[in-house]
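If you're matching them up, the sequences are chains H and Z in order. Numbering that gives the first Met the number 0 puts the first residue of the first sequence at 0, with every later residue one more than the last. Numbering that gives the first Met the number 0 puts the first residue of the second sequence at 0, with every later residue one more than the last.
Read the hints as simulated data drawn from the structure, not as lab findings. Wrong hints could be hidden among the right ones.
Part of the chain H face toward chain Z, derived, beta carbon under 7 Å [stated by the list, open to error]:
# : residue
1 : Ala35
2 : Thr44
3 : Ala78
4 : Cys276
5 : Glu280
Between beta-carbon pairs, the in silico distance windows are [as the list claims (entries may be wrong)]:
# : chain 1 : residue 1 : chain 2 : residue 2 : range
6 : Z       : Arg22     : H       : Arg179    : 26 to 32 Å
7 : H       : Pro291    : Z       : Arg179    : 58 to 64 Å
8 : Z       : Gly143    : H       : Glu114    : 34 to 40 Å
9 : Z       : Pro19     : H       : Arg38     : 25 to 31 Å
Where chain H lies over chain Z, by a calculated footprint (3+ residues, C-beta under 8 Å) [claimed, not checked]:
#  : stretch
10 : 91-105
11 : 112-125
12 : 130-139
13 : 143-156
Built from N, CA and C at the ideal position, the CB exists for glycine as well.
Protein chains: 2
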Amino acid sequence: MSQKRAGEFALIDLFLSQFPRARVPVGPGDDCAVLAPSRGAQCITTDAVVEDVHFKRAWFSPEDIGHKALAVNLSDLAAMGALPRWFVCALALPRDFPRRALLGLARGMSALAREHGIALVGGNFSSARELSVTLTAAGELPPGSPPLTRAGGRPGDVLYVSGTLGDARLGLAQLQAGRRRSPAILRQKRPVPRIALGRLASRFASAALDLSDGLAQDLGHLCRASGTGAELDVERLPVSRAVRASLGLEGALAGGEDYELLLAVPPGRTSAFERACLRAEESITRIGRLTPGPAGHMRVTGGRALRLPAGFDHFQQDGGAD
Amino acid sequence: MSQKRAGEFALIDLFLSQFPRARVPVGPGDDCAVLAPSRGAQCITTDAVVEDVHFKRAWFSPEDIGHKALAVNLSDLAAMGALPRWFVCALALPRDFPRRALLGLARGMSALAREHGIALVGGNFSSARELSVTLTAAGELPPGSPPLTRAGGRPGDVLYVSGTLGDARLGLAQLQAGRRRSPAILRQKRPVPRIALGRLASRFASAALDLSDGLAQDLGHLCRASGTGAELDVERLPVSRAVRASLGLEGALAGGEDYELLLAVPPGRTSAFERACLRAEESITRIGRLTPGPAGHMRVTGGRALRLPAGFDHFQQDGGAD
C-alpha cells in the first residue's frame with residue numbers, strides 16, 4: 000500500500016552516513032546486499048526493540064535505543080561463541096520522528112558496531128505508529144569450531160555467569176520511580192554484549208546462553224535443552240548490594256535483560272577456564288552445577304529460605320541443605 | 000523492559016509448527032541459528048510489512064499478510080538472480096492478536112516458503128500496538144556467478160519488465176472503494192516473486208531491480224545506479240485494459256507494489272534472452288532502452304501526451320517523437 004517518498008531516501012542517506020562503508024561486494028542501496036561466501040559456519044539472530052515494550056522515549060535517548068537494539072543481537076552472537084560480521088537494520092519510524100533523533104539512533108548503533116567490528120550491510124525504513132528497530136545480525140565461527148549451543152550441557156558441568164545479575168531490572172525500577180541516572184540505569188539502557196568472553200568460552204564450555212529473561216527462566220532453557228537438572232548456590236550469585244537491598248535475591252533471579260552469559264563448563268576444564276578468564280580480565284562467578292535431572296528440575300542450595308519467582312513452573316525449591 | 004512469558008513460548012511453538020524443520024546445524028530455539036558456510040556469495044535483504052501502512056487487517060487475511068511479508072523479500076532475492084536459502088522472521092504482535100490469526104499468518108508464509116524452498120531458521124516475537132512482520136531473507140548465487148545489481152546497465156541495453164504493471168495499485172483502489180475480490184486485489188494481496196525469471200535473467204541481463212515503488216521511480220533508481228538515462232515507449236507498457244481504464248498509463252507508471260522485475264539486457268543478448276523466456280514461459284515485455292544520459296534522465300516516446308506522475312523529479316517529459 001505504501002510508496003517511498005523523496006523524504007524517505009533522504010532519511011536513509013542520513014542514517015547510513017553514520018556508518019563506515021561496508022567492505023562487501025554490494026552494500027546498502029541495491030535490492031540485496033551481496034556478501035562473499037563465509038569461511039566458517041554462520042550464526043544468525045534477529046531481535047527487535049519496540050517502543051513502550053523495550054524502551055520509553057522519555058527515558059532512553061536515541062543513542063541509547065540504537066545501542067540497545069544492536070547490543071541485544073550481539074549478545075546472542077556472544078552466546079554462540081561467534082565473531083560478529085554483518086547486520087541489517089529494519090526501522091519503523093513514527094511520521095513525526097525527528098531527523099536529529101534518527102541521527103542519534105544511528106550514532107548509538109554505529110559506535111557499538113565499530114567497537115565489535117560488525118558491518119551494516121543493508122536495511123529498510125517503514126513508517127509506523129510506534130518506533131521499533133528490528134535487527135538481524137550474523138556472526139562467524141572459526142572454520143571447524145563447533146557452536147556453543149544450549150544443548151551441550153552434561154550432568155556435573157559447572158555453571159558460571161558473567162558480570163552481575165539484576166542490575167538492569169533495578170535500573171528499570173529506578174526509571175519507573177523517576178530517577179534518571181545511576182549505574183543500574185546505565186545497565187538497563189546500555190547492555191554490554193559479552194563477545195570476547197563468548198569467544199574465549201567456546202574453547203572450554205559445553206553449553207551457553209545469554210540472560211535476557213532472568214537467570215531462573217534462562218537456566219531452565221539451558222537445562223531442558225541439555226536434558227539436565229541444575230543445582231544453584233544462591234549464596235554465590237553475583238548480586239550487588241544495591242540490587243540485593245531493592246529487589247532481593249528473588250528479584251535478581253527473575254530480573255530480565257542482564258545480557259550476561261550463562262556457561263556450563265565440564266569439571267575437567269574449569270581450572271583452565273578460570274585461569275583464561277583471569278588473564279583476559281573477564282569477570283565470571285561459579286554459581287552451581289548441572290545435575291542428572293529430571294530435565295529442567297532446578298534445586299536451590301545456600302541455606303536461606305527463598306521465595307522463588309512465581310510463574311516459572313520449571314523452577315522448584317526443594318528446600319535448603321543437600 | 001519486557002520479559003518472556005509462558006504464553007509467548009506457546010505462540011512461538013504454534014508458529015513454528017507450520018514450517019518444516021530446517022535442515023541446518025542449529026535451527027530455531029537457540030540464541031542463534033547456525034548455518035553451514037555457503038558455497039556461493041550470499042544475497043541478504045530485509046523488508047517489513049506494517050499494519051495500516053502495507054496492509055489493513057480488515058482487507059487482508061492472516062494468510063495474505065504472511066504471504067506478502069515473505070513475497071516482498073523473495074522479490075528482492077529474485078532481482079539479484081539469487082536462489083532463496085533461508086530467512087528469519089521477527090513478529091510484533093498486538094496483545095489481542097488471536098491464536099487462529101497467528102496460525103493463518105504462519106500458513107500463508109509457510110506455503111510460499113515451501114514453493115521456493117526457503118527455510119525458516121529463526122525468529123523473534125515481541126508485543127506491539129500494531130502488527131508488523133519483519134523478515135530477513137538470504138539467497139545464494141551459484142559459485143562464480145556475479146549478482147544482478149542495479150548498477151550494471153549500459154547505454155543501448157534493452158529494457159524489459161515482467162508481467163503487467165499497475166494491477167496491485169488498482170487492487171488497492173478497489174479495496175478502498177469497498178470491493179473485496181478481483182484479480183487486481185489478488186495482485187495487491189498476493190504478489191508473486193519472480194524467482195525463476197531472476198535466475199534465468201542472471202545469464203543475460205546487465206542490471207535488474209524489482210518494482211516496488213512504481214516503474215517511473217524504480218527506473219530512475221536503475222538509471223542513476225548505472226549512470227545512464229532511459230527512453231521508455233509508453234505504448235509498449237504491459238498494462239491491462241482494467242488498469243488503463245481506472246488509473247491511466249500515468250497511474251500504472253506510478254503504481255507501487257508490482258513486484259515485477261525490470262531488466263536491462265545488452266542488445267547482443269536480447270534474442271537469446273527472449274527465446275529463453277519463451278521456453279520457460281516467463282512473460283516479459285520490451286519497453287525501451289537505456290540511453291547515454293545524463294544519468295537518471297528519462298524520456299518518454301510513444302506519441303500520446305502523458306501527464307507524468309508528480310513528485311518524481313528525475314522523470315522529465317521531452318514530448319513525443321524521436
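Against the structure, the hints come out as follows:
1. Ala35: Since the shortest Cβ distance to chain Z is 6 Å, the answer is holds.
2. Thr44: Since the shortest Cβ distance to chain Z is 4 Å, the answer is holds.
3. Ala78: Because about 4 Å separates H:Ala78 from the closest Cβ in chain Z, which is inside the 7 Å limit, the hint holds.
4. Cys276: violated, 20 Å
5. Glu280: Where the cut-off is 7 Å and the nearest Cβ of chain Z is about 24 Å from H:Glu280, the hint is violated.
6. Z:Arg22 with H:Arg179: 26 to 32 Å: violated, 50 Å
7. H:Pro291 with Z:Arg179: 58 to 64 Å: holds, 59 Å
8. Z:Gly143 with H:Glu114: 34 to 40 Å: holds, 35 Å
9. Z:Pro19 with H:Arg38: 25 to 31 Å: holds, 28 Å
10. 91-105: violated (count 1)
11. 112-125: Per the Cβ count (5), the hint holds.
12. 130-139: holds (count 4)
13. 143-156: As far as the stretch 143-156 of chain Z goes, the hint holds, because 4 residues have Cβ atoms under 8 Å from chain H.
Taken one by one, the earlier hints fail for this structure at numbers 4, 5, 6 and 10, listed in ascending order.
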